[in-house]
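Visitor: Each chain, written out:
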Amino acid sequence: MAELARNGTPVQNEKVKEESVSLWKEGWRSFKKNKMALVGTGIVLFFILLAVFAPVIAPYEINDQNLSMRLKAPSSEHVFGTDDFGRDIFSRVIYGARISLWVGFFSVLGSVIVGSLLGIIAGYYGRWIDGMISRIFDIMLAFPSILLAIGIVAVLGPSLKNALIAIAIINIPNFGRLIRSRVLSIKQEEYIMAAKAIGMSDARILFHHILPNSMAPIIVQGTLAIATAIIEAAALGFLGLGAQPPNPEWGKMLADSKDYLTQAPWTMVFPGLAIMLTVLGFNLMGDGLRDALDPRMKN
Amino acid sequence: MRRKSFLTMLVFLFILSTILVGCGKSEKTSGEKTGGKGDTAQDTLVYGRGGDSVSLDPAVVTDGESLKVTKNIFDTLLDYNDGDTSVQPALATKWEVSPDGLTYTFKLRQGVKFHDGTDFNAEAVVFNFERWANGNADTFPYYGSMFGGYKNDESHVIKEVKALDEYTVQFVLKRPQAPFLKNIAMTPFAIASPAAVKKYGDKFGENPVGTGPFVFKEWKRNERIVLEKNENYWLEGYPKLNQLIFVSIPDNSARLNALLKGEIDLMEDLNPSDLNQLEGNKDFRIFKRPSMNVGYVGLTTTRGPLKNKLVRQALNYAVDKKAIIDAFYSGQAEPAKNPMPPSIPGYNDAIEDYPFDLEKAKQLLAEAGYPNGFEMELWAMPVPRPYMPDGQKVAEAIQANFEKIGVKAKIVSYEWATYLDKAAKGEADAFLLGWTGDNGDADNFLYALLDKDSIGSNNYTYYSNDELHKILVEAQTVSDENKRNELYKKAQEIIKEDAPWIPLVHSTPLLAGKANIEGFNPHPTGSDKFTKVEFK
Numbered sequence: 000m001a002e003l004a005r006n007g008t009p010v011q012n013e014k015v016k017e018e019s020v021s022l023w024k025e026g027w028r029s030f031k032k033n034k035m036a037l038v039g040t041g042i043v044l045f046f047i048l049l050a051v052f053a054p055v056i057a058p059y060e061i062n063d064q065n066l067s068m069r070l071k072a073p074s075s076e077h078v079f080g081t082d083d084f085g086r087d088i089f090s091r092v093i094y095g096a097r098i099s100l101w102v103g104f105f106s107v108l109g110s111v112i113v114g115s116l117l118g119i120i121a122g123y124y125g126r127w128i129d130g131m132i133s134r135i136f137d138i139m140l141a142f143p144s145i146l147l148a149i150g151i152v153a154v155l156g157p158s159l160k161n162a163l164i165a166i167a168i169i170n171i172p173n174f175g176r177l178i179r180s181r182v183l184s185i186k187q188e189e190y191i192m193a194a195k196a197i198g199m200s201d202a203r204i205l206f207h208h209i210l211p212n213s214m215a216p217i218i219v220q221g222t223l224a225i226a227t228a229i230i231e232a233a234a235l236g237f238l239g240l241g242a243q244p245p246n247p248e249w250g251k252m253l254a255d256s257k258d259y260l261t262q263a264p265w266t267m268v269f270p271g272l273a274i275m276l277t278v279l280g281f282n283l284m285g286d287g288l289r290d291a292l293d294p295r296m297k298n
Numbered sequence: 000m001r002r003k004s005f006l007t008m009l010v011f012l013f014i015l016s017t018i019l020v021g022c023g024k025s026e027k028t029s030g031e032k033t034g035g036k037g038d039t040a041q042d043t044l045v046y047g048r049g050g051d052s053v054s055l056d057p058a059v060v061t062d063g064e065s066l067k068v069t070k071n072i073f074d075t076l077l078d079y080n081d082g083d084t085s086v087q088p089a090l091a092t093k094w095e096v097s098p099d100g101l102t103y104t105f106k107l108r109q110g111v112k113f114h115d116g117t118d119f120n121a122e123a124v125v126f127n128f129e130r131w132a133n134g135n136a137d138t139f140p141y142y143g144s145m146f147g148g149y150k151n152d153e154s155h156v157i158k159e160v161k162a163l164d165e166y167t168v169q170f171v172l173k174r175p176q177a178p179f180l181k182n183i184a185m186t187p188f189a190i191a192s193p194a195a196v197k198k199y200g201d202k203f204g205e206n207p208v209g210t211g212p213f214v215f216k217e218w219k220r221n222e223r224i225v226l227e228k229n230e231n232y233w234l235e236g237y238p239k240l241n242q243l244i245f246v247s248i249p250d251n252s253a254r255l256n257a258l259l260k261g262e263i264d265l266m267e268d269l270n271p272s273d274l275n276q277l278e279g280n281k282d283f284r285i286f287k288r289p290s291m292n293v294g295y296v297g298l299t300t301t302r303g304p305l306k307n308k309l310v311r312q313a314l315n316y317a318v319d320k321k322a323i324i325d326a327f328y329s330g331q332a333e334p335a336k337n338p339m340p341p342s343i344p345g346y347n348d349a350i351e352d353y354p355f356d357l358e359k360a361k362q363l364l365a366e367a368g369y370p371n372g373f374e375m376e377l378w379a380m381p382v383p384r385p386y387m388p389d390g391q392k393v394a395e396a397i398q399a400n401f402e403k404i405g406v407k408a409k410i411v412s413y414e415w416a417t418y419l420d421k422a423a424k425g426e427a428d429a430f431l432l433g434w435t436g437d438n439g440d441a442d443n444f445l446y447a448l449l450d451k452d453s454i455g456s457n458n459y460t461y462y463s464n465d466e467l468h469k470i471l472v473e474a475q476t477v478s479d480e481n482k483r484n485e486l487y488k489k490a491q492e493i494i495k496e497d498a499p500w501i502p503l504v505h506s507t508p509l510l511a512g513k514a515n516i517e518g519f520n521p522h523p524t525g526s527d528k529f530t531k532v533e534f535k
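Residue numbers (numbering that gives the first Met the number 0), protein chains in the order written: chain C, 0 to 298; chain R, 0 to 535.
None of these hints come from the bench; they were simulated from the model.
These numbers were taken from a predicted model, which means no experiment stands behind them.
Beta carbons are placed, not taken as given, at the ideal position from N, Cα and C, and that holds for glycine.
Any given hint could turn out to be false.
In the BS3-like style, the derived pairs of lysine-lysine whose C-alpha atoms are separated by at most 27 Å in a straight line are [claimed, not checked]:
1. C:K257 - R:K392
2. R:K469 - R:K489
3. R:K403 - C:K71
4. R:K421 - C:K160
5. R:K281 - C:K257
Label pairs and their calculated CB-CB ranges [said to hold, decoys possible]:
6. R:Q362 - C:E76: 27 to 35 Å
7. C:I145 - R:T92: 58 to 66 Å
8. R:N256 - C:Q187: 55 to 63 Å
9. C:L37 - R:Q276: 42 to 50 Å
10. C:E76 - R:N481: 51 to 59 Å
11. R:K197 - C:G130: 55 to 63 Å
12. C:K160 - R:T476: 52 to 60 Å
13. C:F142 - R:Q276: 33 to 41 Å
14. R:K287 - C:I145: 39 to 47 Å
15. R:P249 - C:E76: 29 to 37 Å
16. C:D137 - R:P249: 29 to 37 Å
17. C:D137 - R:E217: 34 to 42 Å
18. C:L140 - R:K306: 49 to 57 Å
19. R:G303 - C:G130: 49 to 57 Å
To give an idea of the chain C side of the interface with chain R (calculated C-beta under 10 Å), a few residues [to be verified]:
20. D63
21. Q64
22. L70
23. G239
24. Q243
Full structure from sequences and hints, please.
Guide: Have a look at this one:
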C-alpha cells in the first residue's frame with residue numbers, strides 16, 4: 000500500500016509539473032520573440048551585474064572626498080567626472096545601482112506579500128472583510144502616491160529604509176486589488192468548487208490553488224512596479240527624504256548637482272541616465288512579460 | 000454623426016480656450032502698464048531671501064531673518080551709522096551719560112507717532128523696557144543676554160527706567176556697561192506701540208506696530224511679508240519706496256533665477272560659485288556686506304562623548320577648514336580661529352588655531368577613551384545663512400572629515416524655526432550655526448554666545464565656565480578700552496582651550512540686485528534699513 004501511494008504521488012506531480020512548465024514555456028517562447036523585451040531584460044541584467052560586482056568595478060572609494068578635485072569634467076582618470084565634493088561619479092553611479100535595485104526589489108516584494116495576502120482574504124471571504132479592505136485600498140489610492148510616501152516618511156523620519164517602507168506601503172493597494180479581482184474570478188472555477196466539495200481547507204485552496212494561478216499577473220505587475228519604485232525612491236532622495244548623505248543614491252546625486260547645472264552638467268547627466276535606463280529596462284521587460292503571460296493580450 | 004459633432008465640439012473648445020488665453024494675456028500686460036505708470040521709476044522693491052521670519056516682534060527673536068524685517072517696521076532709540084556700528088540719533092535725539100557711567104538720559108524725538116496713531120513718548124519707552132525686564136529667557140531671549148538677565152536677577156544691569164517728562168527717559172544702571180549705547184541701538188530693542196502690544200498680546204508678533212519707515216501689511220508664512228510706506232515717517236521725505244516685500248526662496252539657485260527673471264529686485268545669500276555668472280552683466284550689480292560674522296560647529300557640552308573636552312578638541316583637529324572654504328565659499332571667507340571676527344576690537348590674533356591634523360585628533364580621541372570613535376548627530380541648517388550659504392554641503396564635508404577619525408556623524412535637519420528651538424534646548428549633539436554681530440562689540444559675540452548666562456538663549460552648546468563668566472562680566476563694566484580688550488583676549492584663550500565650538504569661517508556675504516538700485520549699503524549687522532533705498 001505504502002509503496003503504491005509513494006509511486007502514485009510522483010507520477011501525479013510530474014503531470015502537474017509538465018502542465019505548468021508548458022505554460023511558462025509557452026510564455027518564454029513568446030517572450031523570446033519580443034525584441035524590446037529582450038533589450039529590457041538585457042539592461043536589467045546589466046545593472047544587476049553592476050550592482051553585484053560594484054566593489055570590483057568601481058575604481059574609487061565612493062565616499063572619499065577630495066575637495067581640491069571638485070567638479071572636474073570627465074577625463075581618463077574620472078570617466079564620469081567628479082562631483083562637488085571631488086568624489087568619483089562613475090564609482091558612485093555604480094554603487095547607486097545597488098541602492099536603487101535594492102529599494103526597488105524589496106519594496107515591491109513587501110507590497111506583493113502584504114497586498115496579495117489582503118487581496119486574497121478580501122476576494123475569497125468577501126462580505127464585510129472585503130468591504131473593509133477594499134475601502135482601505137480606496138482611501139490609500141485617493142492620495143497621490145508620492146504625497147502619501149512623503150507623509151509616511153515624515154512620520155517615520157527620513158532614511159533610505161523608511162523610504163523603502165513608504166514605497167512598499169503605497170504600492171500595497173495596487174497588488175491587493177489585482178489579486179482580489181483574480182481571486183473573485185478563480186473562485187468560480189470548477190476545480191475550486193471541486194476542491195471545496197471534497198472538503199479541502201480554505202488555507203490549502205488559497206495557497207495551493209488560487210495563489211499559484213494568480214502568479215502571472217503578479218509577476219507582470221511586480222516588474223513594472225519595480226520601475227516606479229525606483230523613480231519614487233529617487234524622488235524621495237531628491238527631496239532629501241530618502242537616502243541620507245553620503246549614500247550615493249541616484250536621486251540624491253541629482254539633488255546635489257542641481258546647483259551646478261551650468262558649470263558641471265556631468266554631475267547631473269550620469270545619475271539621470273542611470274535612473275532612466277534602469278526604469279526603461281524594467282518597463283520594457285514588464286511589457287514583454289505582460290504580452291507573454293497575460294492571456295488577454297494573446298488575442 | 001455623433002462622432003462628428005463630438006469633434007466639432009472639441010475644435011470649438013480648443014478655439015475658445017485659445018481666445019481666453021489670449022484675453023488673459025493682454026489683460027495682464029495692460030494691467031502692468033497702468034501699474035508701472037509709463038516711465039516713472041519703480042517704487043516697489045522685492046527682496047529675496049533664504050528663510051522666513053520666526054516672529055515680527057523683534058524682542059522675542061534672535062534670528063536675522065526676523066530682525067531684518069522688523070528693522071524696517073520699528074525704530075530704536077539710537078541707530079547705527081551706515082557701514083559700521085557707531086551710534087547715531089534715531090528716536091532719541093540727544094543723550095547724556097553721567098561720569099560714573101551709571102545714568103543715561105535720553106531726549107526723545109517729538110511728534111513721532113506709532114503706525115496705529117498713538118503717540119511715541121517716554122512712557123512708551125518705559126513700557127517696552129518694563130515688558131522685557133519682566134520676561135525671561137523663553138519670552139525675551141535677547142534682552143537677557145545683552146542686559147545680564149531679567150528684573151529679579153542679580154546680574155541684571157538695568158536698575159530702573161523712568162520717564163522724567165514726556166520726552167525725557169532716564170536709565171539707571173546697577174553697574175557700568177561699556178557697550179550700553181550700542182546695545183540700546185540693537186534691532187531687537189526697538190520701541191513697539193504699547194497700545195498694540197496690549198491689544199494683540201501673544202499675537203503681537205503677527206501684528207507688529209512700530210514707528211519705522213514701513214507699515215506692516217501682510218504676512219503669508221514661508222512666502223512673503225509685505226510692508227507699505229509710512230506716510231508720516233519722522234524723517235522728512237523718506238522712505239522713498241512705496242512698498243517693500245520680503246519673499247522667501249530657500250534655494251540659492253532658484254533665488255538667483257528669480258532675480259534674473261525679474262521676479263525679485265534684490266537677493267541675499269548669492270552662491271559664491273554664481274559670482275562669475277553676474278559679473279559683467281550690466282543689468283545687475285553685486286553688493287558685498289562687510290564681514291562681521293562667524294560660522295561654527297557647536298559641540299553641545301552636555302551630550303554624550305562631547306562632554307569630554309578632549310573629544311571636542313579632537314573634533315577641532317579633524318576639520319579641514321581651508322578645503323571647505325575653497326570649495327563652498329569661493330574664497331569669499333577666511334578661516335575662523337576665534338568665536339568673533341577680526342574686525343571687532345578685542346580680537347585675539349595671537350591665538351593659534353587647531354591645525355588640520357587627523358593623527359593628533361585620533362590620539363586625543365583614544366586618550367578620551369574613544370579609540371574607535373563614536374556615533375553622533377550632526378545638524379545642518381535647512382536654509383542658507385550669510386555665514387554659510389549651503390549648510391548641507393558643509394555638513395557633508397565635515398561628516399567626511401569626522402569619518403576619518405572614526406566619528407560617524409548622521410546628518411539631521413529640521414525646518415528653520417524648529418531647528419533653532421531644538422538646538423536652544425540642547426537637543427543637538429553637534430550642530431552648524433553662526434552669528435552675525437548685532438552691535439559690533441565683542442560682548443555681543445563672547446557673552447551672548449558662550450557665557451553661562453546665555454544658556455537657553457544664544458548659548459546653544461550649554462558651555463559653562465565660571466572663570467570665563469567672571470572675565471566677561473568684568474569686561475562689561477570696564478570702560479577703559481585697552482583693559483576691556485585684554486579681558487576679551489584672555490576670554491578667547493579660555494574658549495579655545497575648552498573648545499565648545501569648532502569655529503569655521505568669517506564670510507563676506509554676497510548680495511545681488513538690479514543695477515539701478517540706489518542708496519543701498521549692506522550693513523555689517525545683516526539688518527538693513529530701506530529708508531533711503533530707491534530705483535534710479
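Visitor: Now look at each hint and say whether the structure bears it out.
Guide: To see whether the hints hold, each was checked on the structure:
no.: 1; hint: C:K257 - R:K392; verdict: holds (13 Å)
no.: 2; hint: R:K469 - R:K489; verdict: holds (11 Å)
no.: 3; hint: R:K403 - C:K71; verdict: holds (23 Å)
no.: 4; hint: R:K421 - C:K160; verdict: holds (25 Å)
no.: 5; hint: R:K281 - C:K257; verdict: holds (26 Å)
no.: 6; hint: R:Q362 - C:E76: 27 to 35 Å; verdict: holds (34 Å)
no.: 7; hint: C:I145 - R:T92: 58 to 66 Å; verdict: holds (59 Å)
no.: 8; hint: R:N256 - C:Q187: 55 to 63 Å; verdict: holds (60 Å)
no.: 9; hint: C:L37 - R:Q276: 42 to 50 Å; verdict: holds (46 Å)
no.: 10; hint: C:E76 - R:N481: 51 to 59 Å; verdict: holds (56 Å)
no.: 11; hint: R:K197 - C:G130: 55 to 63 Å; verdict: holds (57 Å)
no.: 12; hint: C:K160 - R:T476: 52 to 60 Å; verdict: holds (56 Å)
no.: 13; hint: C:F142 - R:Q276: 33 to 41 Å; verdict: holds (40 Å)
no.: 14; hint: R:K287 - C:I145: 39 to 47 Å; verdict: holds (41 Å)
no.: 15; hint: R:P249 - C:E76: 29 to 37 Å; verdict: holds (35 Å)
no.: 16; hint: C:D137 - R:P249: 29 to 37 Å; verdict: holds (36 Å)
no.: 17; hint: C:D137 - R:E217: 34 to 42 Å; verdict: holds (40 Å)
no.: 18; hint: C:L140 - R:K306: 49 to 57 Å; verdict: holds (51 Å)
no.: 19; hint: R:G303 - C:G130: 49 to 57 Å; verdict: holds (51 Å)
no.: 20; hint: D63; verdict: holds (8 Å)
no.: 21; hint: Q64; verdict: holds (4 Å)
no.: 22; hint: L70; verdict: holds (9 Å)
no.: 23; hint: G239; verdict: holds (7 Å)
no.: 24; hint: Q243; verdict: holds (6 Å)
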